[in-house]
Amino acid sequence: MIEAPEKEPRDVQSPGGVAVEGVARSFRTRRGVVQALDGMTLRAAPREVVAVVGPSGCGKTTLLELICGLQPPEAGTISAPGAALMPQRDLLLPWASALDNASLALRARGVSRDEARRQAAPWLERFGLGGFERARPAELSGGMRQRVSFLRTLLAGKPVLALDEPFASLDAITRHEMQGWLAHVLASEPRTVVLVTHDVEEAVVLADRVVVMSPRPGRSVAELEVRLPRPRHATDLAVVELREQAFRALGVER
Amino acid sequence: MTQVHRGWRAALVLVILFGIWELYVDLGGADPLILPPPHQVASALYTDRSLLWSNFLVTAEEVLLGIAVAAAVAFLCAIALHLSGRTLRPAVYPLLIASQTIPIPMIAPLLVLWLGFGILPKLVVIALVSFFSIVVTTLAGLAAVEPELIKLMRTFDASRLSIFRHVELPSALPGLFTGAKIAVVVAVIGAVFAEWAGSSSGLGYLFNQSLPQLLTARAYAAVVILSAFAIALFGLLSLAERLALPWAYQQRGDLLS
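Residue numbers (the numbering used here), protein chains in the order written: chain B, 1 to 254; chain G, 1 to 257.
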């Protein structure tokens, strides 16, 4: 089931899909030029959840910034219909309530405060944040903050969600809860998702497909289809099998 | 509870210091005409209260107006410097630093020559001494915004103005308060220099009038009032900050409060 980036016709042309083809990108640091990505290829069909796993510093965040259009590729092509970012740290505004943080994307587009709050309020209820509308981030737990952060990205209304290690900063128990929560949310609110993570298990539990990246300069070295029914559990035999395959693709001896 | 506790300790230290001062003069360490003991200063505060009060009002008006002008101009200046990015900042920043190197006792009489004996030269002097700290702290607040947060806003299709309004401006407010707190303390000193350069009222003027007449207790009373005024302004700003920006207070703790 480990395949090279495949050529089979996948519905990437219709709106909502993401196609990254042979992309290269470097960035300048004080110690010289670092090649973050070289020959990176990734495709996500509309409403498909694609997880990208790779070792630390393999250019995963750069990949998301390219998909979001925050920087252009130096080589290769990217076609994405518009993606909203969910950063690794929640980066909620400390002065704003949960409701105002969640509706930030609406405010950014020029929606009035009252209208933005009116639109966001039912979502907080849906996301299990009812009663915390007026709480500031400092008063929320790590998991709740991450939920507000995800909601903020979702309410940007973009067809693609670019999630940058969304649960990496959480403790193990909360992370596990949040993974289940995200799977549940995406089942009812399907979006094209590019989920960057270094947690192989998280990738297999959440994604339809897992793209494995090489160490820097990052490129796709393997792709795993996860054709498993949901909800999935980390202890499912098929999940464990795929996880081990992904580890092998990463070159990790177990 | 701890707040009250700390206040008591500060008061205790003050009482001890005043006690040493009183004893030193009472035991003949200094001529009371040159160094009046605290009880004489206290009695001057009482007997000259209407004179001190009317002159205090003059100085207070200068300081409050001067700080308000400085804060408004400094805040706008910091925003302009921040938004202009690399174009304006290298050109203007050296000038801002230069404004702090001007010896106030020298420039104050020159400003009086130019602007007259009214309140205007006082406002300029006070604004000059308080401007810099407010610009620097506000700029620091604006620059401290996470670059990732700006990127996030850009993926939300936020315009430059929208990013400024929703993210950068609120981040700058704690810096504005910090700068203003530093500024009020020196603003009072600026007011005194401005009054010395040319005025017919104010506590700085009263001080200058009292000294040649050997009314040293009254002169000390003026010093006490000015000092208490600066402390009160600092405290009021801390309180206002806590009420207006509770989130910043929680984050930073009470380093500067």
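Check the hints yourself; a few may be wrong.
To be verified - These stretches of chain G come out as covered by chain B in the derived footprint (C-beta under 8 Å, 3 or more residues):
no., segment
1, 144-151
2, 161-168
3, 235-249
Simulated from the structure, these hints should not be mistaken for lab results.
Quick reminder that beta carbons are idealized off the backbone N, C-alpha and C, glycines included.
Original post:
For the segment 161-168 of chain G, do at least 3 residues have a Cβ located nearer than 8 Å to some Cβ of chain B?
Top reply: holds (count 4)
Subject >> Claimed coverage, the segment 144-151 of chain G by chain B - three or more beta carbons nearer than 8 Å >> reply: Answer holds; 4 residues pass the 8 Å Cβ test.
Original post:
Has the segment 235-249 of chain G got at least three residues whose CB is nearer than 8 Å to a CB belonging to chain B?
Top reply: holds (count 3)
Violation of the numbered hints given earlier is absent; every hint is satisfied by the structure.
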